[in-house]
Structures are given as structure tokens and as C-alpha cells.
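Asks: What follows is each chain in one-letter form.
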Amino acid sequence: MAKEVLGYLKLQVKGGAANPSPPIGPALGSKGLNIMEFCKQFNARTQEKAGQILPVLITYYTDKSFEFVIKTPPAPVLIMDAAKIKGGSAEPNRNKVGSITWDQVKTIAQTKMPDLNAFKLESAMKMVAGTARSMGITVTGNAPWES
Amino acid sequence: MDFIELKVTVPPDFSDILIAELAEIGFESFLDTDYGVDGYIPAHLFDEQQVASITEKYSHLTAITYTFSIIKRRNWNEEWEKSYEPIIIGNQCLVRASFHDGLGTYPYEIIINPKMSFGTGHHETTALMLENQLAISHTGKRVLDVGCGTGILAIMACKRGAAKVDAFDIDEWAVENSRENFELNSCNTATIQQGTIREVKLAPNYDIVLANINRNVLLDEIPVYATLLPAGGKLLLSGFYEKDIADIESLASTQGFSKREQRIKQPWASLVFEK
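Chains as they are written, first to last, in the numbering used here: chain A, 1 to 147; chain B, 1 to 275.
Just so you know, these hints were derived from the structure itself, not from any lab. A couple of the hints might just be wrong.
What the hints assert, rightly or not - Just the calculated beta-carbon pair ranges, DEER-fashion:
#, chain 1, residue 1, chain 2, residue 2, range
1, A, I70, B, P107, 24 to 30 Å
2, A, G51, B, T105, 29 to 35 Å
3, A, E48, B, T9, 30 to 36 Å
4, A, G141, B, E199, 45 to 51 Å
5, A, S30, B, I136, 36 to 42 Å
6, A, P144, B, E172, 36 to 42 Å
7, B, G256, A, N117, 26 to 32 Å
8, B, K259, A, G141, 51 to 57 Å
9, B, D34, A, K3, 41 to 47 Å
10, B, G102, A, K10, 22 to 28 Å
11, B, R260, A, K64, 36 to 42 Å
12, B, A203, A, K3, 44 to 50 Å
13, A, N117, B, P107, 26 to 32 Å
14, B, L184, A, S99, 55 to 61 Å
To be verified - In silico SDA-like pairs for lysine to any residue, Cα to Cα no more than 20 Å straight-line:
#, chain 1, residue 1, chain 2, residue 2
15, A, K14, B, K141
16, B, K275, B, N188
17, B, K243, A, T46
18, A, K14, B, E85
19, A, K126, B, D13
20, A, K31, B, K275
21, B, K201, B, N185
22, B, K243, A, P114
23, A, K71, A, W102
24, A, K71, B, T33
25, A, K14, B, V175
26, A, K49, B, T9
27, A, K71, B, E221
28, B, K243, A, Q41
29, B, K7, B, L45
30, B, K115, A, E146
31, A, K10, B, T9
32, A, K84, A, T107
Don't be surprised by glycine CBs; every beta carbon is placed ideally from N, CA and C.
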């Protein structure tokens with residue numbers, strides 16, 4: 001018989017850095033899940049992406065067991081890494097604090113594709129570029145579909 | 001350690017941006033909510049000015065507000081711990097909590113009241129380490145338990161006749177918990193310290209080093225373990241996957257270690273080396 005799902009949780013945690021503090025502790029602990037088991041598994045599965053924020057979707061069951069899926073890092077995190085800046089601009093439209101190229105936009109869009117069901121790459125790139133602009137980060141050069 | 005819980009009300013389009021910005025100022029983890037996102041940071045690292053400047057930055061693009069409160073430290077794992085099942089390792093050792101009855105039918109019986117620390121024998125890596133310990137002599141040996149969690153491996157070393165056991169962990173809960181568990185098991189030869197391997201006070205050498213941590217920490221620390229083990233010393237490792245064995249083994253061999261044992265409980269692995 002299939003296990004009965006009790007609920008879902010969506011957390012975002014730095015790779016390799018899960019520990020029983022909040023929010024993992026209270027969110028999982030209150031459901032009777034073994035927090036220490038989750039942390040050990042999460043840290044081993046994310047050891048290649050240590051320090052990077054990773055969304056994790058946890059499914060927990062009535063028998064106190066759980067499973068989880070690790071998603072790709074949020075686009076803004078990848079954009080900040082690509083632009084190698086600390087924080088977006090204080091004035092996104094006027095004072096540009098960083099820039100990324102369309103090649104970098106494409107790389108980020110490709111990284112995000114697995115979590116963007118049925119999106120075309122071009123749509124994903126437009127989404128990434130829009131997010132970058134909201135953060136005050138310029139996208140330099142022409143978009144591939146413009147040249 | 002106390003934490004700050006920052007509750008940010010922001011439309012979904014901006015919640016990932018907020019997460020990226022907050023991560024840059026020390027927020028460690030986040031919970032997606034119906035209204036936006038909750039962010040968490042150790043209380044001593046929290047600077048409200050920095051949060052205010054981030055929200056201010058986006059205030060002309062979207063509606064954004066926040067509140068914050070302190071979350072006091074407590075044992076979040078209590079719910080699981082109060083009803084965990086005893087477990088038998090290698091048909092020789094019973095691991096149980098103090099609320100379970102003892103059986104007296106196994107050569108070894110370890111009492112662990114975990115209190116938000118790792119190591120009850122339920123996880124594959126702990127079971128593998130204990131099985132490896134059951135297969136090597138500890139009698140009269142000096143043993144080091146690196147990242148001891150509940151202290152379960154140090155306790156096994158005591159029960160197997162080690163002359164001296166030093167244990168340490170970076171986590172304050174683990175240190176307190178190991179001390180309690182050493183007492184529950186009348187483990188008088190074991191000591192506990194808080195810190196990293198480069199911070200704690202260690203003996204010049206040991207006969208056995210136990211480390212159930214993770215691949216990255218082991219790859220960083222194997223050269224240190226090598227300095228602590230004389231020829232013939234044993235190194236017992238776990239906390240990594242079977243696919244990581246090659247990396248661990250190749251580093252260990254450059255440090256003068258030879259592989260003596262390999263155990264797998266998918267996907268986890270453990271290795272025993274001798275110097």
C-alpha cells in the first residue's frame with residue numbers, strides 16, 4: 001500500500017549547511033520527523049553545491065518518514081554569482097552596480113530549465129534578464145534573437 | 001544559539017530576489033510561505049539596518065513589509081526522540097533510549113538520549129561505523145572521536161575496552177549531549193570538548209581515529225588525522241556516498257594509509273584504513 005502523504009514543506013537552505021536550527025528544526029521537528037537524518041542526507045546530496053542557496057521540497061508521510069527533491073538555485077542567486085556583486089543596486093534603474101552578458105543569461109536559463117516545465121529557452125532567458133534588471137543588474141550586448 | 005525569524009510579506013515575483021539579497025547578509029535558510037518568505041539568521045549576526053536597506057531598495061517596485069522576532073534555542077527534535085525505536089547493530093549491540101527496557105541479551109548495550117544530536121544507530125553511517133568498531137580491537141587503545149554528535153562511537157570505544165577516549169564536536173548541543181550520554185553509559189574514560197579539530201586540545205597521538213562526518217570535511221581533515229596516527233593506527237571513516245570512495249581513498253593513500261575494509265549500505269559507505 002502506498003504511504004499516506006501528510007504534507008509538504010518548501011525550504012531554501014545553503015548546500016552542505018543544513019543543521020537543526022530554525023527553520024529546519026521547528027518545521028520538521030513539529031511533524032515528528034527526524035531532523036538529524038534530514039540534515040545528514042541533505043548535506044551529502046548537496047556537497048557539490050556547498051554554500052549555494054538551494055530550494056528543497058520535502059514530502060512527509062503519516063509514518064514520520066520523508067522524501068525530498070532538491071531544485072536548482074533561485075535565478076537571483078545565480079545572477080548575483082554571475083555578476084560577482086554583493087547585493088543588487090540601491091537604485092535599480094539609475095545606479096547600475098553590476099552587469100552580466102547574454103551568454104551568462106543563457107547559462108543561468110539552462111541551469112533553471114529543469115524546474116521550468118515546458119518553458120522555451122528564449123522565454124527562460126527573458127525571465128532571467130527581467131529579474132536581473134529588477135535587481136539593478138545590466139544585461140550587456142544584444143539578445144541572441146535581436147542580432 | 002538563538003535565531004532571528006524575519007517574516008517578509010512580498011509578492012511571489014520578488015521572494016527569490018529577497019532570498020538572494022538576504023543570503024548575502026548572513027541569512028542561512030528560508031521557508032516559503034503563503035505571504036512571501038521567512039528568513040533565519042543567528043541572532044548575533046542580525047543587523048536590522050541591512051534588512052531595512054534591502055527592503056527599501058525594492059519598495060518602489062513592489063509592496064514589501066517585514067517583521068522579526070527572536071526564536072530561543074530548544075530541542076526541535078524532541079518529538080522524534082521521545083518515541084524512537086531501539087536498534088540492534090551487527091547482532092552484538094543494542095542501542096536504546098533510557099525510556100526503553102534493557103534486554104541483557106547482547107554483549108553490548110548503549111543508551112542514547114539524543115537531544116538534537118546525530119547518532120542513534122538508525123542512520124546507515126552510524127550503523128556502519130559501529131559495525132567496523134565491533135570488528136577491530138579497542139582494548140587498551142587511545143581513541144579519538146571527531147564530530148561525535150551524541151557520543152555513540154566514543155561510548156562504543158569505551159565499552160570495547162579503550163584506555164582513553166577523546167571526543168569533540170563544533171555544536172554546543174552535541175557537547176552537552178555527549179556528556180550526558182557518557183554518564184548514562186558510565187563511560188569514565190571519555191572526555192568531551194567543543195570546537196574544530198584545529199581548535200581542541202588533543203593528545204600527540206592516538207591508536208584509532210573515528211570520523212563520521214561528510215566528504216568535504218573528511219577531504220579537508222584526513223591529513224590532520226594522519227599526523228595523529230602512528231604506524232599501525234586505524235582510521236575509521238563514514239558520512240559519504242559510495243561514489244565518493246575513490247576521492248577519499250586516493251587522498252588517504254597519499255597520507256600513508258592503506259585500505260583494510262569497505263562496507264556499504266546504499267547509498268552510504270564506510271572505510272577502514274591502517275597507517
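Asks: Hinted pair, alpha-carbon criterion (20 Å max): A/K14, B/V175. Please report holds or violated.
Replies: Status violated; Cα separation ~24 Å.
Asks: With the threshold set at 20 Å, check whether the alpha-carbon distance from A/K31 to B/K275 stays at or below it.
Replies: violated, 45 Å
Asks: Given the hinted pair B/K243 and A/P114, is their alpha-carbon gap at most 20 Å?
Replies: Status violated; Cα separation ~24 Å.
Asks: For the hint 26 to 32 Å, verify it against the beta carbon of B/G256 and that of A/N117.
Replies: violated, 51 Å
Asks: A/K49 and B/T9 were given as a pair; does the straight-line alpha-carbon distance stay at or below 20 Å?
Replies: Status violated; Cα separation ~28 Å.
Asks: Would you say the C-beta atoms of A/S30 and B/I136 sit inside 36 to 42 Å of each other?
Replies: holds, 41 Å
Asks: Regarding the pair B/K243 and A/T46, is the alpha-carbon distance no greater than 20 Å?
Replies: Between B/K243 and A/T46 the Cα gap is close to 14 Å, so the pair holds against 20 Å.
Asks: Sort out whether A/Q41 lies within 20 Å of B/K243, counting only the CA atoms.
Replies: holds, 15 Å
Asks: Going straight from one Cα to the other, do B/K115 and A/E146 come out at no more than 20 Å?
Replies: violated, 60 Å
Asks: At the C-beta level, are B/K259 and A/G141 separated by a distance inside 51 to 57 Å?
Replies: About 52 Å separates the Cβ atoms of B/K259 and A/G141, which means 51 to 57 Å holds.
Asks: Verify the proposed pairing of B/K7 with B/L45, using a straight-line Cα cut of 20 Å.
Replies: holds, 17 Å
Asks: Assess, step by step, whether the Cα of A/K10 is no farther than 20 Å from the Cα of B/T9, and give holds or violated.
Replies: holds, 16 Å
Of the numbered hints listed earlier, those contradicted by the structure are 1, 2, 6, 7, 9, 10, 13, 15, 16, 18, 20, 21, 22, 23, 25, 26, 27 and 30.
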